[in-house]
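Participant: What follows is each chain in one-letter form.
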Amino acid sequence: MPKSYKDNEFDVIVIGGGITGAGTARDCAMRGLKVLLIERHDIATGASGRNHGLLHSGARYAVTDRESASECIEENMILRRIASHCVDETDGFFITLPEDDLEYQAKFVESCTAAGIRAEIIDPEEARRLEPSVNPDLIGAVRVPDGSVDPFRLCAANMLDAKLHGAKVLVHTEVTEIIKEGDTVLGVRTVDHVSGGAQEWYAPVTVNAGGIWGHGIAEMAGVQVGMFPAKGALLIFAHRVNNIVINRCRKPANADILVPGDTVCIIGTTSTRVPYEECDNMKVTPEEVDLLLTEGAKLAPSLATTRILRAYAGVRPLVSADNDPTGRNISRGIVCLDHEERDGLKGFVTITGGKLMTYRLMAEKAADVVCRKLGLERACQTAVTPLPGSELGGFRETVKKLWTMPTTYQKATTSRAGASARNIEKGVGLVCECEEVSSGEVDYAIRNLDVHSLTDLRRRTRVGMGTCQGELCACRAAGMLAAAHGCAERARDDMREFMNERWKGNRPIAWGDTLRECEFTNWIYNHVLGL
Amino acid sequence: MKFQVIIIGGGLAGLTAGLSLQKKGVSCAIISSGENALHFSSGSFSGDCPEEVVPLFAEAGVVLKGNPAKDSWRFTPSGSMQKVRLAFEDVTLYEEDKIKASKVLIANPEGFIDFPTAFIADGLSQQGVSCKVKSFSLPCLKTLRESPSEMRSVGIAKKLDCRINEVAGAIHKLLDGEDLVVLPQVFGLTSPEPVRALRDAVPAEISFIGTMPPSVPGIRVQMQLKKAFEKAGGTFLMGDTAVSAEISDGTVRFIRTRNLDSHILTADNYILASGTFFSKGLSSTMQKIYEPLFGLDVDCPTERTQWYSEDVFAPQPYMAAGVVTDADLHPLKDGQPVTNLFAAGSILAGEKNAGMALTSTFKVVKKIAL
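Those protein sequence lines, which keep their order, are chains Z and R.
Residue numbering for the first sequence follows this note's numbering, beginning at 147 and increasing consecutively.
Residue numbering for the second sequence follows this note's numbering, beginning at 119 and increasing consecutively.
Treat the hints as calculated values from the structure; they're not laboratory data.
Just so you know, even glycine gets a beta-carbon here, dropped at the ideal spot from N, CA and C.
Misleading hints may appear alongside valid ones.
[Unchecked claim] These stretches of chain R come out as covered by chain Z in the derived footprint (C-beta under 8 angstroms, 3 or more residues):
hint: 1; stretch: 154 to 162
hint: 2; stretch: 325 to 332
hint: 3; stretch: 392 to 399
hint: 4; stretch: 433 to 443
hint: 5; stretch: 472 to 486
[Unchecked claim] Dumping the calculated SDA-like pairs for lysine to any residue here, alpha-carbon to alpha-carbon at most 20 angstroms:
hint: 6; chain 1: R; residue 1: Lys398; chain 2: Z; residue 2: Thr553
hint: 7; chain 1: Z; residue 1: Lys650; chain 2: R; residue 2: Lys221
hint: 8; chain 1: R; residue 1: Lys398; chain 2: Z; residue 2: Thr322
hint: 9; chain 1: Z; residue 1: Lys429; chain 2: R; residue 2: Glu469
hint: 10; chain 1: R; residue 1: Lys470; chain 2: Z; residue 2: Lys650
hint: 11; chain 1: R; residue 1: Lys201; chain 2: Z; residue 2: His673
hint: 12; chain 1: Z; residue 1: Lys650; chain 2: R; residue 2: His290
hint: 13; chain 1: Z; residue 1: Lys429; chain 2: R; residue 2: Ala432
hint: 14; chain 1: Z; residue 1: Lys429; chain 2: R; residue 2: Ser427
hint: 15; chain 1: R; residue 1: Lys221; chain 2: R; residue 2: His290
hint: 16; chain 1: R; residue 1: Lys250; chain 2: Z; residue 2: Thr613
hint: 17; chain 1: R; residue 1: Lys406; chain 2: Z; residue 2: Gly658
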């Protein structure tokens, strides 16, 4: 007999709209559970949207962490199938420079092979031919199946699929309290940041998928999860300098990965321990910019003269692997805690650690625990079912199947939305010229993808991510949001906030042409528009 | 090639200096690399403006409204009221920070997204003025709409300027007792005639409000000033850039440009009106902000972290950077004035606005053509 639910009753509540939460919501929904997903900001606001966008082959961890490496390559192959519209199959190089030890290469290839990662030594000359931007002084290169993945698109597609399977998604809604009765979590109390309204939600199981902020959510539930925030800073360049991911063939270190993504490329990262209290406001320091530029130019010398678009930083949710609160044994592996077994707290699960690459596996593990706790046996389907947008295959196949003579912006739309581009109406104008986003695509996102602000829109469409950093498109898109939401005042405040958010990423790298562009933006918003 | 005065920069300061000097019989050459701040003008000037600018521009066919010494108000595309001194004739100026109208029609070409009608309507209703937003379309705009990147201010102006009667007809149909019509600045690209003709044909006041760039009235005014300068006998080196200069004993000896690289250009006096970062009057690296042509002394914070304010809408120290001069506007190089060089316009260190640009320009003109 089907169970009957009240409006605020669910089988499972997932807290956190990053990739782990979105993946968990999708997995649970596909297993037939009634799911509620709660996110205090927007999708992929935390670490999910602040990384390289690297589709790890696992090679980076092959020597130091065999288990992570094996997980990566398995998930890598799965994402190529289920998320083809989010993935760019670029391959990757691990290069050895004259200052590196070439003997490491043999050990590296051996470890990759043992982990199931195809690793092929290629001649430096061949490497220079395949990737002309690579440092020409390289003395060795290994080719591995790295790629790039758009984390925003991946997160949005998981969220959309969860909704298509009946999940309810609340963005800009913050959990203010975990509702408990004795040793059992019954649900959560939330506040809606748009309307200001408070509400209560109930489910037999609540999953904490808050990434680094899961630390605070666990505390709210009265349990401790030992998190160790590690800040990683990255720089985005205004051109796609390389077409193949470039890594250093040595023990993982700072700023040794250069990833091409869409129209740009990204160098990173640094790694610094930061206090938990600072996680909400990461700033990139001049020292980090210097380090990223110096090390980046060793991978691809032309980076030294390429315009920089932005600097940004994310916080890795590192966890002590063995429940040791001192953090002596920190792992990048997946940590799935059933707090009933660990702390005697019923109805509460934490899924954390892990990486963007292994989000699906994390979600599977969390959903397994949820089902077990609910006494259900339901198989996971996420490894074989394509995400919305990837049903027709990769970008080229999708374009071919949708249009005979696509325009450049239809192609651009398809590169972002995949097969969902067929649902997007032809717009009358380009909102964002840098990234070729049509008004039709903006309209589609506003109507279907939980867009409340310009920043939300940016994550789903790339509006404002291009060379001009919102200079022209922010005002256009704000006008469309004002019309859609029927509130000009909110849209104008939102535009101010958006321009400040863009400025935060420009400031650390504002010199040369970037500073010229910033001055121009300032004229438009302060003088022409009179803000 | 030898001139009496060589002006580096064809923006507001450079053109005003050139036109004014040429009218006084001083032969000038203007080196203009292309786009300048006029192309992104709000259509108005703020800050103390010199009186001389009004008759000088009028001779070039550019009508300036307002009082150079007293603030008026303009209605901005974000719906706010902003203090200005002078404005191009497209703009409507008000004596107080309030729109004078009882009922307003905001009319926008269909599909034009560079004109934030929602903000304008909100600004009007906050002033208690009732308004309606309506769009109009003409067959000639259909082809523009089909190409998503062409529905921009200049593209529309090119289509509409020769069809003012049709536009007036379309607006007439939308009118419902309004006494003010707000339109985007998409009229009058090559002459102010379409703006005037539309005002004559529509039975309500019309206020033309700025769009996202480029600025149609800004481009027009730049062209009018350039034409007037050339008509007065000036030499306008279009699309050329000063790339190097020779200074010895505190005097500029010559300059070279990109297009005329086999020639040196010499003059009795030189005016640096090259603007700020956008027009490359100033450049910056990770380490410093500098003046690239003469290597003049620049006033700005030395540490890069001090160039910026956290709030993008607060005054930004980098935007006040510029060259340092003596009392006669001779820029300093290594602490010493360069005696046959003057600086005018936004290249000067300090607060920047059109009034300050024009005031410094007329001051330089008086020094050169006593």
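Participant: If a hint holds in the structure, say so; if it does not, say that too.
Facilitator: Quick rundown of the hints versus the structure:
{"no.": "1", "hint": "154 to 162", "in the structure": "holds (count 4)"}
{"no.": "2", "hint": "325 to 332", "in the structure": "holds (count 3)"}
{"no.": "3", "hint": "392 to 399", "in the structure": "holds (count 4)"}
{"no.": "4", "hint": "433 to 443", "in the structure": "holds (count 3)"}
{"no.": "5", "hint": "472 to 486", "in the structure": "violated (count 0)"}
{"no.": "6", "hint": "R:Lys398 with Z:Thr553", "in the structure": "violated, 35 angstroms"}
{"no.": "7", "hint": "Z:Lys650 with R:Lys221", "in the structure": "violated, 41 angstroms"}
{"no.": "8", "hint": "R:Lys398 with Z:Thr322", "in the structure": "violated, 51 angstroms"}
{"no.": "9", "hint": "Z:Lys429 with R:Glu469", "in the structure": "violated, 29 angstroms"}
{"no.": "10", "hint": "R:Lys470 with Z:Lys650", "in the structure": "violated, 24 angstroms"}
{"no.": "11", "hint": "R:Lys201 with Z:His673", "in the structure": "holds, 11 angstroms"}
{"no.": "12", "hint": "Z:Lys650 with R:His290", "in the structure": "violated, 47 angstroms"}
{"no.": "13", "hint": "Z:Lys429 with R:Ala432", "in the structure": "holds, 19 angstroms"}
{"no.": "14", "hint": "Z:Lys429 with R:Ser427", "in the structure": "holds, 14 angstroms"}
{"no.": "15", "hint": "R:Lys221 with R:His290", "in the structure": "holds, 15 angstroms"}
{"no.": "16", "hint": "R:Lys250 with Z:Thr613", "in the structure": "violated, 35 angstroms"}
{"no.": "17", "hint": "R:Lys406 with Z:Gly658", "in the structure": "holds, 10 angstroms"}
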